[in-house]
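**Q** Chains A and B, in that order, give the protein sequences. So in the working numbering, spot 154 of the first sequence is number 154, and the numbers just go up one at a time. So in the working numbering, spot 285 of the second sequence is number 566, and the numbers just go up one at a time.
Just so you know, these hints were derived from the structure itself, not from any lab. Since the structure is predicted, the reported quantities are computational estimates derived from the model, not experimental observations. Any given hint might turn out to be false.
Claimed, not checked - BS3-like cross-link-like pairs, simulated, lysine-lysine; straight-line CA separation at most 30 Å:
#1 K527/B / K544/B
#2 K176/A / K288/B
#3 K176/A / K409/B
#4 K4/A / K277/A
#5 K277/A / K409/B
#6 K176/A / K385/B
#7 K176/A / K458/B
#8 K458/B / K288/B
#9 K384/B / K176/A
#10 K176/A / K277/A
To be verified - Non-contacting residues of chain A with respect to chain B, defined by C-beta distances greater than 12 Å in every case (computed):
#11 L6
#12 L77
#13 R90
Beta carbons: idealized from backbone N, C-alpha and C, even for Gly.
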Amino acid sequence: MHGKALPYLLLMPATLFLCIFFLYPFALVAFEAVSRDGAFTLDNFRTMAGSWKFPVTVRNTLLLAAIVVPIQLVMALLMASVVSRLETGRSAALYVFAIPLGISDLAAGMIWLAIFDQSGFLNTLLSSLGVVDRPVMFLGYQSKLTIFIAVALAEIWRATAIMMVILVAGMGLIPKEYYEAAEVFGASPWQRFRRITLPLLRPSLQTAIILRVILAFEVFAVVAALGGTNLPVLMGETYNWQFTLQDRNVAAASALLILAISIGFTLFFLRVLRVPKEARI
Amino acid sequence: MAEIAIKGVAKRFGGFTALHQVDLTISDQEFVVLLGASGCGKTTLLRIVAGLERSSQGEVWIGGRRVDHLPPRERGIAMVFQNYAVFPHLTVFENIAFGLRMKKLPQQEVERRVNRTAELMHIEQLLKRYSGQLSGGQRQRVAVARALAMEPDVILMDEPLSNLDALLRLEMRAELKGVLAASKTTTIYVTHDQVEAMSLADRIAVMHQGRIVQAASPVEVYRNPAARFVGSFIGNPPMNFIPAAKAANGSWTVAGLTLSGPKSDKPRIEFAIRPEDVDAGGEGLRATVHVIEPLGPHTLVTCDVEGGLFRAILDSNASVQVGDDLRLAPKPDRIRWFDPETTNAL
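Chain A on its own, in the form it takes in the complex (with noise of 0.2 Å):
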C-alpha cells in the first residue's frame, strides 16, 4: 500500500463518523434555525432575541461566566503549582482534587441543593449554632444574589479540577533548568511563576481557558438544580424553546447563538494566548 494514503486511511472511520453524526445533524440544526416551514427567514432570531426572557439569559450566562471562569483559573493555578511541587503523595492530591470531576453536572447541582436547601446542611448547622430560630429560604425566588452565588460556588466546585488537571501536565512541560536560572539571576519566587511559569505556560493555559470558557456558556444542569426558572441562563432558554414551547426552529436559533459565542470566545483567545513558533519550548 502507498505510505502516503495510509494516514488518511486510518482517518477515514472517524472523519465519517463525524460528518454522519455530527456535521450532518449540526447543518439540519443551521437549517432550521434560518427557516420556517422550509422558507428562509431570521424569525426565528428575532422572536428569540425579542422574548422578555433573552437579555437575562445572555446577562446571567455571561456573568456567571466572568465570575467563575478567573476565580477557577486562578484557583487551578495555585493548586497547579502546589501539586506540582510536591515530592510525594502528588498523584493522591491529584485524585482527591480531581473527585469531582467524576461526577455529573445534575450531580453536582443536587450536592449543593441538599446544602443550600430549606433543610440542608447549611440550614441545619446555623439553627444549631443558634445564628438563626428558622430555616432561611437560600433559594427563595425573592434571593436572586444567593442562587448566583450558590450556582457559582457549585460551578467552581465542579470543574476547577479539569482546568487544573490541564495546568499540572503543562508545568510539568517546564525544564526544572529554567527555574533554576530563573533563580541563580536573582528572581524571586512570584518573579520566577510570573516570569517563566506563566508565559511558558501558555499552551496549557489556553486549552485550560477555551475549555473551561466553552463548559461555563453551556451551564444547565447545576442552574436547573439550584435555581430552576429564577436564574434562567441560554442552555435553559433553548430548552424551555425545544420542550416547554415546542418551537424547534427558535431552540436551534439559540443553540446557534450559544454555538457563535463559544466560537468567538475561542477564537478570541486563541489570538491573545497565541505563542509565536520560534518563542516555543
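Chain B: place on chain A using the hints.
**A** Chain B only, in chain A's frame:
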C-alpha cells in the same frame, strides 16, 4: 574579591552519600575545574556552591561571607547550565538582560551591559532572535553572555561545552578561557572531559566517589598523580600499572627489571609509568607486542607485560611488528609508585 571556601561539605541522599566531607579553597580570580566521571559528585558540589542544592553538613563561604543558608540570588554568583537554559519565550537581548532586570538596573545600564557582553561573545547580530532560532553554539554564547552581564564575582559552569560538537567545543574552549580571564571572576567549572580540564584550569580538583582526590595544577596532576585513580583517569591512554615485588630495601623487581624505588615494609607495591615515558631498546620491561596503531606523530603500541595490558607511545619511526618481544626502558625520573592498599602515591 571573591575567594570561595568549601569547608567540610557533605551531601547525603537518603542512604547514599554523594559527597564526603569535601574541603576546597579557591582563590580570587582562580579558575578551578572539578573533574571526574559521572556520578562522582562534581555537579552536586557545584550546585551546593550555587545554592540550588542544600548540603547535609559543612559551610560554603564566598568573598568572606558565609552563604550556605542564603538563596542563590544573594550569593553574588552567575551560572552557565549544561543545557544552557536560555529562556525560549524571551529574545536573546531579554535573556542576557534577565538578571539585570531582576536587579532593577536602569534601562541605560541594562542596554550598555547587554551590548557589551553580546559583543564580547560575538552575538550582537542575534539580539532580536529567540532561542528556537539559534544553533547550539549560539545558545551557548547567549548563556555565557547572560552570566557575564551580571558582572559577578563568581561564575559557575556545569559542563557548558558538553552539548557542542567536537570542533565547536575546541573553538569555544579557547574563547571561554580568554573571556573569563579578562573578566577577572573566580570560576568553578565542572567537566568530565580531561582535555577540557587540562586546557582551561589554573587548578584541577579531581573527584572520585564523592571525594576530592587531588587538587593541583594540570601539569602536577598529570605528572604526579596523588592516587592511582588520578593516574588511571587522566591521560589518554592512561598510566600503566605493573605490580612490583620487593627485591631489597628500596629496590623493586618490575617485569624482570630491578629498579630503585621507595623504602617500604610492604612486600608488593605498584609501579606506574605514562605511555610516553618509555623508550624502546636497552635495559627495560619485557613486553610482547599485540597491536600497533600508527597515529601520525607517534605510534601507539599495546603490549603484554607481566600478563597485564601495557600501552607505550613510541616514535613513528620505531620498527616494531606484532608478536615482537620488546624491551621498554622507563625514564627514571618519570616512574611513580603506588601503595596497592590505600592506592595513594608513595
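**Q** Run every hint past the structure and note whether it holds.
**A** Tested hints:
1. Distance restraint check for K527/B and K544/B: the Cα-Cα separation of roughly 10 Å lies within the 30 Å cut-off, and the hinted pair is therefore satisfied.
2. Distance check on the hinted pair: K176/A and K288/B sit about 28 Å apart at the alpha-carbon level, within 30 Å; holds.
3. Straight-line distance between C-alpha atoms of K176/A and K409/B comes to about 25 Å, which keeps the hinted pair within the 30 Å bound.
4. Taking the CA atoms of K4/A and K277/A, the gap is near 26 Å; set against the 30 Å cutoff, the hint holds.
5. With a C-alpha separation of about 15 Å, the suggested pair K277/A and K409/B falls inside the 30 Å cut-off, and the hint holds.
6. Only pairs whose Cα atoms come within 30 Å are accepted, and K176/A paired with K385/B is accepted, the gap being roughly 24 Å.
7. The hinted pair formed by K176/A and K458/B meets the criterion: a straight-line CA distance of about 28 Å does not exceed 30 Å.
8. Between the alpha carbons of K458/B and K288/B the distance comes to roughly 27 Å, so the proposed pair stays at or under 30 Å and holds.
9. The straight-line distance between the Cα atoms of K384/B and K176/A is roughly 22 Å, inside the 30 Å bound, and the hint therefore holds.
10. For the hint pairing K176/A with K277/A, the CA-to-CA distance comes to about 22 Å; that is within 30 Å, so the pair holds.
11. The Cβ of L6/A lies farther than 12 Å from every Cβ of chain B, with a closest approach of about 31 Å, so its non-interface assignment holds.
12. With 12 Å as the threshold on Cβ separation, the claim that L77/A sits away from chain B holds: the shortest Cβ distance comes to roughly 17 Å.
13. The beta carbon of R90/A sits about 18 Å from the closest Cβ of chain B, which is more than 12 Å, so the claim that it is off the interface holds.
Every hint, counting from the list given before, is met by this structure.
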